[in-house]
Amino acid sequence: MDSSLFFGLSTMAYISAMMVYFTYVAFKKSQIGVIATGITIIGFISQTFAIIMRWKEFADLSGMGFLRSAPLTNLYESMVFFVWCLILGYLIIEFKFKNRSFGAFITPIAGLALAFIDLTGVSKEIQPLVPALKSNWLLAHVTMSFIAYAAFSMSFSTGLMYLITTTEKRSESAYIFWTITLGLFAVLLVSMGIDFFTFKVKVRPEIFIHSYLFRTSFLHSSSVINIISYVLAIAALVLVWRYGYILRTVITKFNVTPDMLDEITYRSIAVGFPIFTLGGLIFGAIWADQAWGVYWSWDPKETWSLITWFIYAFYLHSRMIRGWKGKKVAIVAVMGFMAVIFTYLGVNLLLSGLHAYGSR
Amino acid sequence: MEQQKNNTIADKIWDFLSSVKLAIVIFALISLTSIIGTILEQKGDPERNLEILTRLFGKFLAPTLFTVSEKLGFMDMYHSWWFTGLLVLFSVNLVICSLDRLPRIWKLVHEPIGPLPEENLRKFVISREITIKGKPDTVKDTVASALRKARFHAGEVQEEKDWMFYAQRGKYSRLGVFITHFSILIILIGAMIGIRFGFKGYLNLPEGDVSNVALSGTDREVPFGFEIRCDNFNVDFYGRSDMPKEYRSWLTVIKNGREILRKSIAVNDPLTYEGITFYQSSYGIVPGSLGQGIFVFNTISRDGKSTTVNPRLGESFQVSGTALTAKIIDFSPALRIDEHGHAATYANQMSNPAVFIEFSEGGKNPFSGWILKRHPETWQLPDGSRVEFIDYWGVEFTGLQVRKDPGVWVVYFGCISMSLGLFIAFFMSHRRLWIKVVEEKNTSRVIIGATANKNRAAFERKIDKILSILGKQQEGGK
Ligand code: HEM
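Chains as they are written, first to last, in numbering that gives the first Met the number 0: chain A, 0 to 359; chain B, 0 to 477.
Do not rely on the hints blindly, as some may be mistaken.
[As the list claims (entries may be wrong)] Straight-line distance between alpha carbons at most 27 angstroms, and here's what the computed DSSO-like set of lysine-lysine pairs gives:
id	chain 1	residue 1	chain 2	residue 2
1	B	K170	B	K106
2	A	K95	B	K106
3	B	K148	B	K372
4	A	K324	B	K372
5	A	K300	B	K244
6	B	K464	A	K97
7	B	K244	A	K55
8	A	K324	B	K42
9	B	K122	B	K134
10	B	K199	B	K42
11	B	K199	B	K132
12	A	K95	B	K453
13	B	K471	A	K95
14	A	K327	B	K453
15	B	K244	B	K42
16	B	K464	A	K95
17	B	K471	B	K134
18	B	K106	B	K70
19	A	K300	B	K42
20	B	K461	B	K134
21	A	K95	A	K252
22	B	K42	B	K20
23	B	K471	B	K148
24	A	K327	A	K168
25	B	K148	A	K95
26	A	K327	B	K20
27	B	K262	B	K134
28	B	K58	B	K122
29	B	K453	B	K132
30	B	K461	B	K170
31	A	K97	B	K244
32	B	K464	B	K132
33	A	K324	B	K304
34	B	K440	B	K134
35	B	K453	A	K324
36	A	K95	A	K168
37	B	K471	A	K300
38	A	K97	B	K453
39	A	K300	B	K199
It should be emphasised that the hints constitute simulated quantities derived from the structure, not laboratory data.
Please construct the entire structure, taking both the sequences and the accompanying hints into account.
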């Protein structure tokens, strides 16, 4: 028996929970809701199991003792942990607010994220640690960062839902903002999907991520294909903008009020912000100080964490300005999570790529 | 502040500098400019930055953008005058804003609370009413004990036949925001102390060498006031792979000719002496030294006799307990046998040190071969004795990052108080409540009014719990 069995089980559970939550939102039968929650909990328990097993596998393999062997050392493991935090956070919210409808929003993120890492084959091997990573501060740093990220992703979904439910006119800037955000996500996912199916067979995943991203579309060697990709992307954005209002009718079915969405957005950030400050920024700085003797060196990853932090500080303070309640602050919450994603993935994938090509 | 007219210019400047609007403008400016700083390489090669700009904006725009960003200092923006200016403005904003609000918050914290008229209680966001059997004089005790249970130290007054309770908890939580804000200043001050009174440098110290200075910036020498010696350096690898598991340097601190302190350092485990900290950061081979080092071999005869020998390249030594003479012919820091069986060096680090030894016995030459430090099976000789390759000493240097930062504890103190402040600001709240017990015919009416500046829902649940305790005790006490 090994951890991957349970990881597979939890992926399947989240994906089926997603479908049951969808059914629940459509038919509003409370029994269906209970089933959806049950499946989510099963998925959560088996994922917990899987993480513990992987932890033990790593500890046995590396012989470094249990604490140092937390399964949080690479992209794959951190993503799994992120999903785990997200589901935990969701279950707490479901329990506290007695509202199941968010499940239809959260379980897809969880299921898709797990399926995505499965498909792209992000390296799952248990790898030995390079010396700089052997630090208890690092463990605390990564764990808390991801707990904060999970809270932020919650605020992202509720902030986005808030914008979707409260905007009506297509000329409204908040409407334009959320449709473009959603459209960009879709475009990026689709183009990465195309890259993936074109190149996956040929190259190892790390190389794929570093050097082949967008090579089938925006960065293709032929400028004709470049232009076509940009045109298609813009067409997709326009399409989402044109028909985005349909989503509003869907979300109104969730029976959540804008006030409640605003409240959850604020509460998630109020939980995420201190945790991110302590775990993400402070523990990260202490670790860097221990390892290299500089607690702050303005490297891109650090700087992006700081940018993320500033955006959420922006959020917290802009709520205090009259006339900023509601849509404007929701936009800031959404932007905050985009900064989170960029800190987590973009810095490694895009910036390092940008800088690496320069050296060739 | 908003009620009064602000006439003088000083008032206007004060208002400007204390406004939250300015704060969010600064947040936005720092974030946006920092983004540019992560795209362009800081203190990097100008060519590379030109290349990056070309990749992003095309050949036409790149040269102009390059010139503009160079003029504005974007190539080293975190040290540019305007970024420093932003940080200063940010601090000023923070200080003035806090000073502006402190009196009001201070009053909120210190103002004692007192009884309120009954109708005010109904106006609170959290407001409850229930009717309980019994006269106010008895109900009052139940209320007081319920409040004690909820850990509210309530004041009480009698108003004719009625009773009034008032209590508050967590008034100091209002200071959490101030702690947070001031700790940001403390961190900035700590950083400045570090920049002003500390230094960052590096030191490449060959095994066996002593140094009393580090190089900082472009070849500025910073003296330590003591000497540091590298006794040894070693890399451990994971199994057979070339993946390093640990770098370790054995250092000795020498002051006035006396050895004061010995410590081995590794990544994440530095050495500190007199405020100067030495971090393991890199390593390499001292140029031109490859043939100059000293080998450390342990020779072990078939019957277990062992001796340690320290020959140099080209020298010979005796394998203990045998008539074998070993001559060191060749050395490679990173040996690989290629597909044709030729030995080749594949790296200019000591990734896989190997030594070629020719053994002879009375003029005959029975065997010769490569002995590899990382592969103990090559230590076994055909005649049953062993030559253990322990080290090749004196050719590697350890790369040390050297730092003195008297401000780091100030920064850490700021970090701790910021965590504390945030915890107080977000997870604690100032809760106030008033309870009035009013006499009715045979019953008492209990009216509760309450507020909390944070997390009102939780307070509401707490109040409902108090109510349910009241209801239950009343039944039980009948
Ligand atoms: C990155 C730096 C900053 C951080 C991390 C920070 C943090 C915070 C936090 C956590 C709160 C409580 C928010 C809430 O309860 O929702 C707060 C409130 C506040 N902050 Fe900041 N802050 C920063 C900078 C500033 C600056 C530069 C100003 C200058 C105007 C400012 C003015 C305020 C004010 C007026 C409040 C409201 C205080 C109250 O509730 O009475 N903050 N800040």
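Holds or violated: B/K464 to A/K95, with C-alpha atoms at most 27 angstroms apart = Given pair B/K464, A/K95 holds - Cα atoms ~16 angstroms apart, limit 27 angstroms.
Holds or violated: are the alpha carbons of B/K471 and B/K148 at most 27 angstroms from each other?
-> Holds, at roughly 14 angstroms.
Given the hint that A/K300 pairs with B/K42, test it: the Cα-Cα distance must not exceed 27 angstroms.
-> OK: A/K300 and B/K42 at ~16 angstroms, within 27 angstroms.
Straight-line alpha-carbon gap A/K324 to B/K304, limit 27 angstroms | Violated: A/K324 and B/K304 sit about 84 angstroms apart, past 27 angstroms.
Has the given pair, A/K95 with A/K252, been kept, meaning a C-alpha gap of at most 27 angstroms?
-> Within the cut-off at roughly 20 angstroms; holds.
Quick one, are B/K122 and B/K134 close enough, alpha carbons at most 27 angstroms?
-> holds (25 angstroms)
B/K106 paired with B/K70 [C-alpha distance capped at 27 angstroms] = Distance of about 50 angstroms is beyond 27 angstroms: violated.
Hint consistency between A/K300 and B/K244 [alpha-carbon to alpha-carbon, up to 27 angstroms] | holds (24 angstroms)
Compare the distance between the alpha carbons of B/K170 and B/K106 with 27 angstroms, and conclude whether the hinted pair is satisfied.
-> holds (11 angstroms)
Is the hinted pair A/K327 and B/K453 satisfied, with a Cα-Cα distance of at most 27 angstroms?
-> holds (22 angstroms)
Regarding the pair B/K461 and B/K170, is the alpha-carbon distance no greater than 27 angstroms?
-> Given that 27 angstroms is the threshold and the Cα spacing comes to 17 angstroms, the pair holds.
When you check the alpha-carbon spacing of B/K471 and A/K95, does it fall within 27 angstroms?
-> OK: B/K471 and A/K95 at ~25 angstroms, within 27 angstroms.
When each numbered hint is compared with the structure, violations occur for hints 2, 3, 4, 8, 11, 15, 18, 22, 27, 28, 29, 31, 33, 36 and 37.
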